[in-house]
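Chemist: Given the structure of chain R, go ahead and fit chain W onto it with the hints provided.
So the protein sequences, as listed, match chains R and W. If you count the first sequence from 1, position 196 lands on 195 in numbering that gives the first Met the number 0, and the numbers rise without skipping. If you count the second sequence from 1, position 11 lands on 10 in numbering that gives the first Met the number 0, and the numbers rise without skipping.
Just so you know, these hints were derived from the structure itself, not from any lab. One or more of the hints may lead you astray.
[As the list claims (entries may be wrong)] Reference excerpt, derived from the structure (chain R facing chain W, CB under 8 Å, subset only):
id	residue
1	Ala15
2	Ala22
3	Asn35
4	Tyr38
5	Asp167
6	Asp168
We put the CB at the ideal spot given by N, CA and C, even for glycine.
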Amino acid sequence: MPACSTVSKQRYFLQAILCAGFALGVLLWRTNGFSNYTYESARRASINKSPTALSDWQLQNESGEIISLSSLQGKRLLVNFIFTRCPTICQAQGSRYQQLQHRIAEVGATNIVLLSVSIDPDYDTPRRLQSYREIHRGKPGGWQLTRPVSQQQLDTIIDETGLRIIADDIGGYSHSESIHLVKRGKLVSIKDWDSTSLDALINNADPT
Amino acid sequence: MPTPPEIYPPLTLDQADRTTPLAGLALIALFAANLIPSAAHWFEASMIRHMLVQLPLLAIAGASLLLTSEPLQQMLQKIDPGGICALILGTGCMLFWMLPLHLDLATTDPWFRLLKVTTVPLGIGLCWLWAFQRSSLLMKILICFEGWASISRLAWIYLESPQQLCSSYLISEQQQAGTILLVVSVAIAVTASLWGLFGRFDTARVNQPQSRQSDAPDQKSE
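In isolation and in its complexed conformation, chain R is listed as follows:
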């Protein structure tokens, strides 16, 4: 770069330093100290930093009963989002939930409830939710398989959790694979579905 006059050189140098500070500051702020580069990682960091209060979700379980979040008050909920005709990750998550359910029963941690919420409520009827449980050899207690009672309820859930759902090329959906920990009506953290911290959470839970 060509040089400037002596007087303006100092001012120009200061100006350049200010620009660099501004650019660096914005990038540091937006990436949470160069640690979050994707929407999903930023969503997790935001929830971990400030838990989000959830509304009283209205869900229909596989028996056709309407349950709400408030009816599960006092329990720790491990919430995942699935659709039963998903050929990949939702099936892996089904097996994972079956393993966690087995572990919960072993430890006797009845204050932990597994909650699967369908993101395809029109297709996932109570009957199909029941089949999903049967495929994954899940037992009835401690694992609720549900669908939102309406599209509006699903939109509310998406809005409150910051979940992203997009249609894929094969008539299904691409969505977050993570597990959401809900405590006292608040979304307090988001974990990877295969995280060992979920097992630790169950192992360390107080048996009631």
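Modeler: Using the frame of chain R, we list chain W on its own:
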């Protein structure tokens, strides 16, 4: 305070003057298209259209704004004569919009969409062009090389990442975008290599100034 001596010659605006109305209209149309939700959604519905069409178009709009506005050039000449601030801000802005997080937010958050429509033309197009014009030859080569390296890095990340980087786009689209970036990167590398080995291709253009100079005495004599 005495005004600093003018070190740099003013930019040539001969061609820009002729294209000002057209470029201005194109610029307004582009801004409007990006602020109208249905038009913006058309671009943002596909990762390739969003990243490889809309963002470069916005940057070109900013660069054309600089080329067609003499007052803007004069203002920049006063506040950033060496183009260093423009280079820093342009780099920061480019890094900001290279993050999948921001690309995602620009598809859903109206404020982020507005931020994109204003900062990409001004922060990337305008700043980079200004910095490039004020740079020495060595710096120009470095900027070009870094631009090419960034395209290659993005191509590699998009093709190799096993994860979906943008929540708004499928992994298949991410890989398609990576393939296009790889093709662009290879094309640039091949063109630059051929240019380096055999020289410029547009020999007619190179010879143009000579023919003009040779014409000049004839006109005078007439």
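Chemist: Confirm or reject each hint.
Modeler: We went through each hint and held it up to the structure:
| no. | hint | verdict |
| --- | --- | --- |
| 1 | Ala15 | 5 Å, holds |
| 2 | Ala22 | 3 Å, holds |
| 3 | Asn35 | 7 Å, holds |
| 4 | Tyr38 | 4 Å, holds |
| 5 | Asp167 | 6 Å, holds |
| 6 | Asp168 | 6 Å, holds |
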